[in-house]
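There are 2 protein chains.
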Amino acid sequence: MKSVNEYIDQNRDYYINWLKEICEIPSVAAQNRGMTDSVDYLKGLFEEAFQQTPEVLKTSGYPVVFSHLKGTGENTLSFYNHYDVQPEDPIELWNTPPFEPTIIDGQMYARGIADNKGNLIARLAAVHAIKNVIGELPIDIKFIFEGEEEIGSVSLPEFADEYKDKIRADGCVWEFGYRDGDHRLQLSLGVKGMLYVELFSKGANTDLHSAQASIVESPVWRLVWALNHLKDENEKILIPGFYDDIDPLTKEDEEMIKHYRLSENFLLEHLNVTNFVNNLEDEELKIKHIFEPTCNICGIQSGYTGEGSKTVLPSEAFAKLDFRLVSGQDPDKILLDLRKHLDDNGFSDIGIRSLTKEKAARTSPTERITKAAINTIKSSTNEMPNVVPSTPGTGPMFELCQKHGIPAVSFGVGHFASNNHAPNENIFIEDFIEGIKMMASFIFEFKNEMEQQGAGIRDEVKSQK
Amino acid sequence: MKSVNEYIDQNRDYYINWLKEICEIPSVAAQNRGMTDSVDYLKGLFEEAFQQTPEVLKTSGYPVVFSHLKGTGENTLSFYNHYDVQPEDPIELWNTPPFEPTIIDGQMYARGIADNKGNLIARLAAVHAIKNVIGELPIDIKFIFEGEEEIGSVSLPEFADEYKDKIRADGCVWEFGYRDGDHRLQLSLGVKGMLYVELFSKGANTDLHSAQASIVESPVWRLVWALNHLKDENEKILIPGFYDDIDPLTKEDEEMIKHYRLSENFLLEHLNVTNFVNNLEDEELKIKHIFEPTCNICGIQSGYTGEGSKTVLPSEAFAKLDFRLVSGQDPDKILLDLRKHLDDNGFSDIGIRSLTKEKAARTSPTERITKAAINTIKSSTNEMPNVVPSTPGTGPMFELCQKHGIPAVSFGVGHFASNNHAPNENIFIEDFIEGIKMMASFIFEFKNEMEQQGAGIRDEVKSQK
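Chains as they are written, first to last, in the numbering used here: chain A, 45 to 509; chain B, 45 to 509.
Treat the hints loosely; a few may be bogus.
When chains are identical, the list treats them as one kind, so a pair holds in a single copy or across two.
[Claimed, not checked] Derived pair list, reagent style BS3-like, types lysine-lysine, alpha-carbon separation capped at 30 angstroms: (1) K210 to K280; (2) K46 to K415; (3) K384 to K210; (4) K102 to K46; (5) K246 to K332; (6) K384 to K280; (7) K246 to K208; (8) K422 to K401; (9) K186 to K87; (10) K175 to K186.
Because the hints were derived from the structure by calculation, they are not lab data.
When you get a sec, could you build the whole thing from the sequences and use the hints?
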């Protein structure tokens, strides 16, 4: 690997320039900005790096940029990334323009640089470096770059079903990856699922003088009461059966949670809060974070929200909620249960609009790809990664990987304060360079692990066909 | 009165123009817009109408415009109105610009036209017409125009104490007045009180990716739970002792409530709702509307409220609430009880900001001014007014009148669908013109009633001094 690492060092400015160029494109999927430019840029980048034009696969939304690079070995590794980014609002809180990547004290700031263009480029660069130093790739590499991750990967399930042969792989490196506050690398083995809904309530046909509140029903009170039936003050979610289908923790999970490190004091101080929910700590806190579902209010609005007092009985109210789901939970079932629960409690007047449904996904710590990742990180960073059994975040890992028998792991170039989805998103340049080297090493490590297993495309996948 | 009425008809466009001009001023006290312009406009209007500059009496907030016009009789009638208006939000629901008064099919639309610039101008116009036709006023007239009614008349109690001699009168015509759906005029003999508070909750020092909702406390959930401790699903307010101090209904009240007419079906149809709260109707509904306090959510906000889904754990949340209080209830005591109630239920983290505190006020149906109003309305409209023992709305009637022994009645130029505090606020032009005539008649009727009583400034007031 020495020569590959040397090559990466010699070409660091070249790769940093790729990163800079892609971060200049405002590829905000939610607002249909810069999406075609991103696809064109990626096409050009593949042609420059690999003298091969990638496929631009149509979906019902933004296309997937797909490339299959042949290698000498039997195995296939895929990289799942996304070229879309979150909106840059609130723009006034950025210290530098979000689409003019700027390096300050070793950190590059730009919208999408951590989530997830830094990882996308680092992975391309790793494959490019191997190819240029060795002349050929040790295994087959597939790049799957979608354009709708930040809007819930709406077209990806259909895509993954349509192209299930194309996306087949022995393992997948998932899009994200972070370092903890002490610079230790996280290795994540799963994602939570999600049900995102909007609850809404309507009253009279117009806002009224609040004197009328004596006799006219209030939709915002109705919404508040309905919400109160969803989660109690001890964080227990009250939808009957909500917890029933959750996969119980295995011995493996319990072992992992012991070793998983959550820097509690660091986090409390960083967020300026005095305690976590229900005053949890240690083991219980970690289990809640990793293995339990949530019911979170992302937003709520009704009536007058300006300065001072306005005495009005609002005519409508809404709340946006995300339920983060864990292994075993089915968002479709929970949506039905939510409807029934509201009805059963006298809230059939509360409307539900479903926006996102994703299942959780998990990869076993005993998978070859997990071992390859741990070995790579250990030898690159001289310490064990902080293995996260499942990130508390969400992504389409179930649809793209688990459903097709492909184990997936996640590690990358971000850090605990990368400000994903927030102003001043950033990564450290040195993390980016080290991330390229690490991913190049991983490709060889993965090949070795898989060859010990002696399997090509996973048998399970073959037998499923 | 024939000649006064003729004069009003001849000058209708002149008075409509006054109305148009004053409604062009965006006098939103909550946002400190157009307040000085309003005072200047009123000064000019008094000078034009009565060749007399009104006093601009400083308060700790916006000034009170005060004018005392001498008459030939012994008695004094005051008019309480306000030159401030509610904010115009939500602006997108207005069919015409809120500060560009527009006449469509006999109705003029503008923010504040019903509440309460239509009445303010109608009363000025009535006095102007009498003076121009008769040459002198039959009694003393005092105009008291405040600028903070829509923000809870915060400076008025202090003002009323400081200027108690100046505001002394034998009776007061209160700011508002409406017609029912069948065009019958309401005569209101009181107002509810109010406690307006903002409840707020803070969490981490920044909005977070909602994956963190598994372990970081949510201020918006805290707020929702706290609200749930304030009122149950059957509209019962849960603050201990809340109902204890309410004055019981007198025989007079029970008699009045029998005759008071609430057009239930009309209202249901007009608001496009199927039922009133708790499916109440008839006597129970009227009592709830007139004699019971409320706890209403005027507004609530937290987190992401735009299109589609954003997965965020908001760092703060707030709600604006108004409690409409009835005779006997003390807003100061209720504020303390509210704080204690939240604390007792584990919600000491919820902050309370108090914005308005007002006591309820009532005028007896046997007062001379009540009789004068009934007589005037009967002879002007050929039917009995719909006497409302106390309007479900609020105003500083306690501080300005009841506390100083001045009985107050309310009738005016609005109608049941005037959309006070809401988009497309409006009055009928013909109601405005008729309202001017009725107020001119009332001034004479009031003089007659008082002279039968044989008293000048009320004896009770004198003995209080």
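Consistency of the hints with the structure:
1. K210 to K280: Intra 42 angstroms, inter 61 angstroms, cutoff 30 angstroms: neither.
2. K46 to K415: within (22 angstroms within a copy, 101 angstroms between copies)
3. K384 to K210: neither (40 angstroms within a copy, 63 angstroms between copies)
4. K102 to K46: Neither, since 40 angstroms and 81 angstroms both go past 30 angstroms.
5. K246 to K332: between (35 angstroms within a copy, 22 angstroms between copies)
6. K384 to K280: Both ways: K384 and K280 sit 18 angstroms apart in one copy and 26 angstroms across, limit 30 angstroms.
7. K246 to K208: So K246 and K208 fail the 30 angstroms test inside a copy (43 angstroms) and across (46 angstroms) alike.
8. K422 to K401: For K422 and K401, neither the intra-copy (36 angstroms) nor the inter-copy (65 angstroms) Cα distance is at most 30 angstroms.
9. K186 to K87: within (15 angstroms within a copy, 79 angstroms between copies)
10. K175 to K186: within (14 angstroms within a copy, 92 angstroms between copies)
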